[in-house]
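**Q** Chain residues, written in single-letter form:
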Amino acid sequence: MRYKYIYLALLSIATGVFNGCKEDDWLQRQPKDMLTDSQVWKDPVLIQSLIANYYDRLPSLSGVFNTGASSEFDDAMWSGHVDQNGRNDFAYGNSYGRYWDPQQSSNYPNTSYVLIRDINLTLEKMDKLSVNLTEEKKKQFNAELRFIRAFVYFELVKRMGGVPLVTEQLIYDYSGDATPLQVKRAKETEIYDFIYSETEAIKDNFVETGNSRTRANKFVALALQSRAMLYAGSLAKYNNLMSAPISTPGGEVGIPADRATDYYQKSLAASQAIMASPNYALHNTAGTPKGENFYKLFMDESSKEIIFAKDFATGKVHGFTYDNVVRSFRSDIEGSSMLSPSLSLVESYDYLDGTKGTLRDKDANGNYIVYNSIADIFANKDGRLYGTVVYPGSAFRSQPVDIQAGVAEWVNGAYSFKVGNLGSVFTDGKRLTGFDGPRDNDQYVSNTGFYLRKFVSENPQDGVRPSLASNWWPWFRLGEIYLNAAEAAFELNKPEAKDYINKLREVHGGFPANSIATLTTDIIRNERRIELAFEDHRFFDVKRWRIAHLVWNGSETDPTAVVWGLYPYRIVRPGHPDDGKYIFQRVRPTRFRRARFFQMFNYYSSIDPQVINNNPKIIQNPFH
Amino acid sequence: MKMKFFLTQIAVASLFFLGCKHDNYEAPGSILSGRVIYNGQPVAVRTNGPQLELWQDGFGSLTPIPVYINQDGTFSASLFDGTYKLVRKGNSPWLQQSTDTIVVQVKGQTKVDVPVTPYFMIRNENYTVASNTLTANFTIDKVVATSNNLQFVKLYLGSSMLTDEVRKEHSVTADVNTLVLGSNTTLSTTIPDNLKNLPYIFVRIGVKSSASGEYSYSQVQKVALK
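Going down the list, the protein sequences come from chains Z and H. The opening position of the first sequence corresponds to residue 208 in the working numbering, with each subsequent residue numbered one higher. The opening position of the second sequence corresponds to residue 26 in the working numbering, with each subsequent residue numbered one higher.
Looking at chain Z on its own, in the form it has when it is part of the complex (with noise of 0.2 angstroms):
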């Protein structure tokens, strides 16, 4: 019986339903999760807004405040969780660095191919449907979106070599045959020449954006056109200068040798043209110390150096000051220190009287050499010393940062070292181990004896979980094109070479004006280490000049490979002049466990063999 009444009421309510279907809007409305086609191609608003979300997406190795990573190579090493020590336990995988895997998943949410397919999409999306939009909108978007795909085909072909070149949507037609989807590789030249060509398509397309240093415009393209060219270039020349220069017999990997010239010409005069151009300068502030000046060069965004830049702000936030700043100033017990910079890092800026960088820890006898002060033996330094990096002595948010190992007692005719906790003190009253350390083998404090200074903001609020600090990444910036104008005029022969070298010194450095008489390739390098330390360039760097392997050479007995560190020692000798100075010792972290190990393989990453089962005319990398 009761039945009865829920059927008829089952059948009101469906009547009622069939008979609202009458009504065509009732079916015909617009989604509200969604934003179909029609809306998203003819607003240029929403468009704008993908455009930010590709900008988002853009591809780096240890780039963008990547803390972890760039404890990989040799300007640092890992000081924070011990859970994470691997990074200073492996050598460089066959995949290491590999920037192609072979579908979207959450661990690879932004692998090449899915960002370069969504840019394809959209250039063909608004060549048809955006039909409202002015064609100097036009424009601008479509330069846009073709700098950051020339900027992702950068990031493959510097990473993996030649790869497939695809510039418009694959679309499977359902035909059970796949092989029109399958694109083999490109040459490795053919990518280069498909960055200069793009970016010279584009170059006077930016009607909007000219002064924008956040969104691609001409001397944005040009940089990288400058970047690219050298790279392809020193590639060009420095893989033919090996025993056994690495490549493929389809060109997938190595460029002949007789390109060098014209792609060392065409950076040249890509970064010529950004040189010239009134919108740059060299971060130069009168009156402000220069190590203050080369770290203010990043925090101030109205710097004038910056060319184009990853912007953060309130809601979208970076955690590098939480992780590296120094341990005293930390806010809460798990942040800080994360990245200790190198003792090879600091030993490789030289002396404001041209000398080379290496400390003078002890005499030509095997003696220690006392400094009254513990800053002392950092006296006189290349600026960008104190701008890259928080060594003993130096101040950190206007205070004194309390950097001591321990001390070094005398007894019976020698140094005894002894060391404490943080912040504890000696026997004598005065302080054992600083605040700051460093301890060896302990986390969250330096290992190494420094701490970095680069983009670790000022401001404490900065450090504090979870509101963390919004300074930006410079992905390019003039300094660095100095630098590419450097080495591409030394390359071709050019006596403008040491200018520019010269320059940067001067107004970064603070050296005097003409510095180097002389320029070597070695000079170049190191300059190259110390001005773009930590900003995503040293493995790119090492990689094409073909030298990785022997600096990175997996020995423990080899400096370079090995992360070493500086910890300075408070003397105790009562009634002695030496007592209360300072001594130096060179020290191998212990949490530094195998000296970074990069092989022939390793210039190129392996294809992920799911790639080439998926696509059998992918040709793996050599090696592997």
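Careful, some of the hints might be misleading.
Straight line, CA to CA, 25 angstroms or less: simulated DSS-like cross-link-like pairs of lysine-lysine [unchecked claim]:
1) H:Lys114 x Z:Lys394
2) Z:Lys332 x Z:Lys344
3) Z:Lys503 x Z:Lys517
4) Z:Lys517 x Z:Lys345
5) Z:Lys824 x H:Lys110
6) Z:Lys824 x H:Lys221
7) H:Lys179 x H:Lys221
8) H:Lys167 x Z:Lys391
Simulated from the structure, these hints should not be mistaken for laboratory data.
Given chain Z, put chain H in place with the hints provided.
**A** Coordinates of chain H only, in the frame set by chain Z:
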């Protein structure tokens, strides 16, 4: 009452353990082992360095199985029975023959010697120690005639069996300009402080061709110092 509860729990838990049997795959039970050889002699390599590669057809997508070669030139891999293709890869001190595969039938304990063509071979090596100086006598033969130049010849001293270009306590480099291929070469070195007080050390000679990133080595020898 409490007892009963525990019994139930144990019963339920044991069900889970029983279930596991059906989920797990069997571990590979067959072992493929062998040596990389030239003229019947194993070619010694760097530990954790050169690899061979196994491929198996017939299971959908192809994924290589890496096989590391021990420093004395032997290798082994746990596999399922079946047919495999063995590939000699690049980044090795011998000619790359990546398209020249060796078909291997694996059934139970299988032994396969893989012939390779090293760029250089070292023979007749012997070591003598006198008053803290170690002297090595050896002969280097050039095997591959074309596009193969002698780049480095080194003598390595180490405190462990695993001594090579990467792991070593001490090494000296021979002058390759004066070295005569195919005849006796002498290379000597003072034993460094960190090794000279040990009862014995391990020594080895390595030779590198310009065509490869890897060295080929003589077998490691234990040399008594006391």
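**Q** Could you run down the list of hints and mark each one as holding or not?
**A** Here is what the structure says about each hint:
| no. | hint | verdict |
| --- | --- | --- |
| 1 | H:Lys114 x Z:Lys394 | 22 angstroms, holds |
| 2 | Z:Lys332 x Z:Lys344 | 15 angstroms, holds |
| 3 | Z:Lys503 x Z:Lys517 | 17 angstroms, holds |
| 4 | Z:Lys517 x Z:Lys345 | 23 angstroms, holds |
| 5 | Z:Lys824 x H:Lys110 | 20 angstroms, holds |
| 6 | Z:Lys824 x H:Lys221 | 56 angstroms, violated |
| 7 | H:Lys179 x H:Lys221 | 19 angstroms, holds |
| 8 | H:Lys167 x Z:Lys391 | 38 angstroms, violated |
Figure legend: structure checked against the earlier numbered hints; hints not met, in rising order: 6 and 8.
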